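Peer 1: Sequence:
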Amino acid sequence: MKTKLIAIISFIAIVLMPTFAYSADEWDKNAVYESGDIAKWWNTNAIPNTSSEWQRLDINTIVKPTPTPDPDDTNIIGEDTDGDGLRDDYAVTIEESYTESKEIALATQAGREFGKLLEFSENDIEITVEDAQLMVTNGIVLQYCIDVYKMENPEFLNPIDLYFDTLDRAIAKREASTKLYKSLQGNDPVVTEIDCDNFLEGVSK
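Heads up: the sequence shown runs through residues 671 to 875, numbered per the numbering used here.
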């Protein structure tokens, strides 16, 4: 008897369920509903495969991020279309970042020295000990002049940070410096006096 009663109750619940749903209040987007609440949805009787109001999410349509391409020499060295010794995008950065003539000269000289350093390293150019000494000397003088000017002008943007503006270029700088010092073959240059004005004389963008 008990089993029969349960079956009857279950049958009545199934029969009455659509009636309860139909008599439910219209769905209100601003209302707060709890588990078990019933509300009419605005696309009543519409099924997903026939209603334009439903959107099917297809896993194959998910856009996958494009993998970052491997760095190459062109990306690291950059383009110098006008042949002024400066990477094109860095030349634009100089124009946008500096107005003082000495700052422009420092940034320009830095760009040319760094460009030569990266070309030497990325293109595996063979250089003499004398050429290596000159590049190292210029690098030492350049760093000194930047540091001195930075101390006197704390707001000065360090051109080193602007030139090596990607992780690949920063890594390439370290590798290039290692190659350059190996090219010295133990003949480190001796720098006894530095004249920044003389070093920057004649430098123009």
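What the hints contain is simulated information worked out from the structure, not anything from laboratory work.
All of these numbers come straight from a predicted model, not from anything done at the bench.
Treat each hint with caution, since some may be false.
[What the hints assert, rightly or not] Calculated pairs, SDA-like style, for lysine to any residue (alpha carbon to alpha carbon, straight line, at most 20 Å):
# : residue 1 : residue 2
1 : K843      : T862
2 : K772      : L870
3 : K786      : D831
[Unchecked claim] FRET-style restraints, in silico, Cβ to Cβ:
#  : residue 1 : residue 2 : range
4  : E770      : Y814      : 12 to 20 Å
5  : G755      : D838      : 14 to 22 Å
6  : Q855      : E765      : 26 to 34 Å
7  : N793      : T769      : 30 to 38 Å
8  : I795      : E822      : 14 to 22 Å
9  : T848      : S771      : 28 to 36 Å
10 : E863      : E822      : 52 to 60 Å
Yeah, the Cβ is synthetic: ideal placement off N, Cα and C, and Gly gets one too.
Peer 1: For each hint, tell me whether it holds in the structure or not.
Peer 2: Evaluated hints:
no., hint, verdict
1, K843 to T862, "violated, 25 Å"
2, K772 to L870, "holds, 8 Å"
3, K786 to D831, "holds, 17 Å"
4, E770 to Y814: 12 to 20 Å, "holds, 19 Å"
5, G755 to D838: 14 to 22 Å, "holds, 21 Å"
6, Q855 to E765: 26 to 34 Å, "violated, 40 Å"
7, N793 to T769: 30 to 38 Å, "holds, 34 Å"
8, I795 to E822: 14 to 22 Å, "violated, 36 Å"
9, T848 to S771: 28 to 36 Å, "holds, 34 Å"
10, E863 to E822: 52 to 60 Å, "violated, 19 Å"
The structure fails to meet hints 1, 6, 8 and 10 from the earlier list, while all remaining hints are met.
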